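A.B. asks: Given next are the chains, with one letter for each unit.
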Amino acid sequence: MIQEILLLKELLGNNEMIYRTVIGLGYMLIYPGLIMIVIAAALLLWAERKIVALVQLRYGPLWISRRIGGALQGFADLIRFSFQEVIIPRRSDVIPFLLSPGLAILFSVLPIAFMPVSPYIKPPIHSDIGLLAAIAVISVAPIFIVLMGWASDNKFAFVGSLREALLIVSYEIPFIISILSMGVMFGSLDFYEIVERQSLLPGMLLNPFAFLASFIAMLRVTSRFPFEISEAETEIVAGPYTEYSGLMFGLSMGLAYIKLYVYALMVSLVFLGGWLPIVSGEGVIGGFLIPSLIVILKLTVVSLVAVFLRAVYGRYRIDQAIRIGWIHVFALSIVSLVWSIILVYGGWVRWA
Amino acid sequence: MGVEVDFEKISEEISTSIENLAPEKKRFYKVTTPSLGPSVVRNIEAITTGLKYVIKPMRITIDYPRQVLEQPPWYRGMFRLLENVCIGCSLCDIICPSDAIRMVLNPEKKKRPVINWGRCIFCYYCVDICPVEAFDTTTIHDMAFDKYEDMLTNLEEFTKDPREKDPSKGAMRMRIKFDEKRGFVYEPTGKKNGGG
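Those protein sequences? They're chains E and C, same order as listed.
Taking this note's numbering, I'd label the letters of the first sequence as residues 36 to 387.
Taking this note's numbering, I'd label the letters of the second sequence as residues 6 to 201.
What you were told as hints is all true, and nothing was included just to trick you.
One-sided excerpt, in silico: chain E residues whose CB lies under 8 Å from chain C:
#1 Ile86
#2 Leu89
#3 Val347
For the record, the hints were derived by calculation from the structure and aren't laboratory data.
Keep in mind it's a predicted model, so treat the numbers as computed, not measured.
Virtual Cβ for every residue (Gly too), placed ideally from N, Cα, C.
Working from the sequences, and respecting the hints, build out all of it.
C.D. replies: In structure tokens form, the structure reads like this:
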């Protein structure tokens, strides 16, 4: 792999444009992009089922790949979904019905283009407002979830998509405020500068209010418990995904896990210091692979905590969730913004 | 033509009736938010309880197709007809409360029972009433059928031994034991299921 990359560099050495295109495509499609996300989503699905089973005193998935505790269950589900029949309801709006899961996944994966995982290989779009751009892109995805419910012409799907619309507004605003308050504190929206400035203390300790607010808001935005209200299985079959079947259902079910991966990546970059024990490195292994594995490790911890909460909490009612969103989480995000401003203007933090 | 409803009046009536309730009943109607301190403590307690089980698993289920619960010998499972013993008296057909047993003629023009497993409720009245003990009983209860028609047996199928098609054949039999700390636990008996 490394030799092939070096060979590629030799071949395309003079042509910077083609080299950057190939690296960018690999970044978006293979690692840490699409294929890595699919693998992570499948493993996360298994981990969630296993953890919940342990807390509920059960065994959990064990039939497929018994020796490693059924870890290939997610991949088996993926294969099964891709060979099942896709049924299109007669009364559905066919084009939005077919397009919206794919578009939602596209806009969930796209923020990877702004987010670095290593100091050596830069993301395809290295922007000085990367944090803002990543949030802006991923905020588009819920629109397609609402579109799914609208196009399905099913009352459960419609109710689910309305719940999604209602709650995403209540929780995405606190998420954006609290994560941008980190930008206020670090004096930068560039992921590289944000990670560099956490070398002494991680952002989690510099602004704990922002971490708490954005973690709670992340739970809702990626529809994890206790805010899994739009897909409430016991109330409205599968929410916006009710009418989907086969591969389309696999896509829409994996959407929450894909969003969890991207949001956890953002949280681990902004609050947990990204690749931080390693400041800089040279070459593909030292500069890209090891730092990115550190980022993936932090991301995994964040997402495992997020999926573990399914075993602990019940599901809030809509009014409870909205009250918590607008009163507590929103207030916490405002507090985090004020805290950042105090830290910056009080002279507690100073960046070179 | 519509019925006019005075919503303000109704809501006033409801609120006054709630206010007149006894205080211990009032809390069911009022939306209460727990104060910050207790709710934080409760959340942390819940999370630590969950983490305890993740770190130290305490399973109360058995690994089903590989382990099965040992059933007592009087357990009412699937049974078969011993055709040579049967005398064709039809008592099982008469007593069957769910009408699952039906008499058919065998090639020698003698009456023999056949069973519809879809209707059978495993009450064992037929086994009890049989004057010649023509039913061979087992403790198998977890048989699966592909089609509904498979549950309608003919004479040939009803005389076959259900142990041959036992889905948990070769599984370890487990026994329930009471443990002081964990409650009921399963322990292996050392015996394999099925195969006679």
